[in-house]
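For the record, the sequence lines run as chains A and B. Start counting the first sequence at 1; every next residue gets the next number (the numbering used here). Start counting the second sequence at 1001; every next residue gets the next number (the numbering used here).
Don't read these hints as lab results, they were simulated from the structure. As the structure is a prediction and not an experimental result, all values here were calculated from the model. The beta carbon of each residue, even a glycine, is placed where N, CA and C say it ideally should be. There may be inaccurate statements among the hints.
[To be verified] Facing chain B, according to a computed beta carbon distance under 8 angstroms, are these residues of chain A, among others: (1) Pro25; (2) Leu30; (3) Arg47; (4) Phe64; (5) Gly269; (6) Phe271.
[Unchecked claim] Here are a few chain A residues that face chain B, going by a calculated C-beta distance under 8 angstroms: (7) Phe41; (8) Ala71; (9) Thr98; (10) Arg118; (11) Ile127; (12) Gly155; (13) Phe241; (14) Ala245; (15) Leu287; (16) Leu292.
If you want the building blocks of each chain, they are given just below.
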Amino acid sequence: MATMPLTANPRRGAKVSRKRGQLVPALLFLLPALLGFLAFFAWPAARGIYLSFTDYNLLSDPEFVGLENYASIGGDSVFWRSMVVTLQYVLINIVVQTIAAFALAVLLHRFTKSMVIRGVVMLPYLIANVIVALVWYWLADYNLGLINSALDAIGLDRIGFFGDQQYAMTTIALVNVWRHLGYTTLLIFAGLQAIPGDVYEAAAVDGAGEWRVFRSITLPLLRPVLAFVLVVTVVGSFQIFDTIAVTTQGGPVDATNAITYYIYDKAFGSFDFGYASALSVILMLILAVIALVQMRVLRANQSDLER
Amino acid sequence: MTTLTPAPAPASDPRPTSRRRRRGSPDSQAVGRHRNPLSRALGWTAIGLVILVTLFPFYWMLRTALSNNRAMFSEPLSLLPVDPTLGPIQRVLGLQSTADALAEGGSVGDINFTQYLINSIIVCTLITVFQVLLSAMAAYAFSLLEWRGRDAVFGVFLVALLVPGMFTLLPNFLLVRDLGLLNSYLGIALPAMFFSPFVVFFLRQFFLGVNRSFIEAAIIDGAGQWRIFSRIALPIVMPQIITIAILQFIFYWNDYLWPLLIGQTEESTLLTVGLGIFRSQTPQGSPDWAGLMAGSLIAAIPIFILVLVFGRRIVGSIQSSGVK
């Protein structure tokens, strides 16, 4: 850390005494946050791990059951089904969102610096998941919704966007693309802005074409930002809950029973807290592995520019 | 890890005046290479479409909220409100009589968005004020105070940033239950009031950028650390404090799962949770769509206002979160 400029202080050895002297105020300043950290993070985390080894059901005292919960997760077909639909959600959500955001960021960067347009694009991200889910649930309602009424009016078949097993998860994934597109676009847009103009000028002098410039300059220089975007959005995407909770509630036939919804349902639907805790531990481990692998593969910490 | 670092203040803090000045600057010319009228037209058409798709659902929310729920079903394609009425808005605010609600085909359940609105405002303000102030204090200790083990302790704090919320959710529910705080404002707010690793992390960056000679001078004048924090450091980073306070307020305003678990009485139901309850009521076999959209609108309007007033700040802060 930076050393303090001590020119103003005539005393010799002032730095050493200050180091000791500032420990007390530092602890006082940290006290509330430290309390919060211990009470609402460290302790619950430890308790969650402990509960995952018990049969706690909210009513009677937890009893230690060893690895039983973890063992039954292996043979739990609903869990595996929920992993499959979660992955399906993440895949559709992330692929569509990243490509669309990339395209939109490039477009905005090329054509306009308007803060108003960026503000409009960002707006859905600031609106609650619940509201976004309800508006689209209404727009895509089978009988009365605008989209199906329009399909019907032009002679096409109505589509059970939320009600049909085949489409429900895709619909939810796309609704959340709509909500997060602006956020992802802004991050990529900022990455584009951070690429120095002289790199492009040099390429232009060398006679490089548009596509060549995009492939050899824009894309590689954007890699750290893309890595950041992917780590954040994938980890967030895995925890899809709100949209499902207010629309399909896991149905039809578990087609949208994503992992967090399944955990919620286990804990508060059947009060199986021990099992739900074990599922939470598994979810956390999965997310940690995914984040680590992504950081590795995408070398998130290094910029090609600084090399 | 370093990619999570929000950029330091000066570059990322967009001033209202910067827009016009930037237009003619060399960097905008390096980028705006598009002279071809066809590609210009195509590009702007695409941007226009995105804006339309972004804004249309909000318009539809308004159009539905101003429609008569019963009449609406015969004209699902009408772009304007059907049989325009303020009924749905009055209904969800608890201002419409049961007879009128029935006549408009609306829900007559116990839904009181006036109460939910008050609940949301109180809880989110409580969280934001405490969380930002206490996190700023922690960020100050992690940046401008010198003490042994500082960076190690900070590293431990950051772990909380990386752990998904779902993991601590169930045990925190048990803790709040054991404290006897279910169905109370405090029960919803408490876990978030003491600190947010994200806010500590965010503000620490800006405290690190504070010119230390101000602080040295204050020490010589005999100012205590609290005085230095509250009178010197805090005012310097006030723009960032406001930005993060707005972002956190919006975050908790939109939060659903935690308040769903904790606040289930009318006196502790937040807006998002109220919307979920309202949605599950189906008076005529389908939800009271006009009322539901009216409730959504009421829950979204405070955010619209914040975006109108602080949009530039919010855009700037989101953009800077991805770039080192």
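Here's how the hints hold up against the structure:
1. For A/Pro25, the interface hint holds, the least distance from its beta-carbon to any beta-carbon of chain B being 4 angstroms, beneath 8 angstroms.
2. With a least beta-carbon distance of about 5 angstroms to chain B, the hint placing A/Leu30 at the interface is held under the 8 angstroms criterion.
3. Annotation: A/Arg47 was flagged as interfacial toward chain B, and the flag holds, the nearest CB pair being 4 angstroms apart, inside 8 angstroms.
4. About 16 angstroms separates the beta-carbon of A/Phe64 from the nearest beta-carbon of chain B, more than 8 angstroms, and the hint is not met.
5. Here the hint on A/Gly269 is broken, as its CB sits about 12 angstroms from the closest CB of chain B, past 8 angstroms.
6. Interface restraint check for A/Phe271: the shortest CB-CB distance to chain B comes to about 11 angstroms, outside 8 angstroms, so the restraint is violated.
7. Hint status for A/Phe41 relative to chain B: holds, with the closest Cβ pair at about 5 angstroms, below 8 angstroms.
8. For A/Ala71, the interface hint is violated, since its Cβ never comes within 8 angstroms of a Cβ in chain B; the closest pair sits about 20 angstroms apart.
9. Taken as an interface hint, A/Thr98 does not check out: its beta carbon lies about 13 angstroms from the nearest beta carbon of chain B, beyond 8 angstroms.
10. For A/Arg118, the suggested interface contact is upheld, since its CB lies about 5 angstroms from the closest CB of chain B, less than 8 angstroms.
11. Given hint, A/Ile127 at the interface with chain B, holds; its Cβ is 5 angstroms from that chain's nearest Cβ, closer than 8 angstroms.
12. Evaluation of the A/Gly155 hint against chain B yields a violated restraint, the C-beta minimum of about 14 angstroms exceeding 8 angstroms.
13. Annotation: A/Phe241 was flagged as interfacial toward chain B, and the flag holds, the nearest CB pair being 6 angstroms apart, inside 8 angstroms.
14. Below 8 angstroms, beta-carbon pairs count as interface contacts, and A/Ala245 has one with chain B at about 7 angstroms; its hint therefore holds.
15. Look at A/Leu287: its Cβ gets to within about 5 angstroms of chain B, closer than 8 angstroms, so that hint holds up.
16. Interface restraint check: A/Leu292 against chain B, minimum CB-CB distance 10 angstroms, threshold 8 angstroms, status violated.
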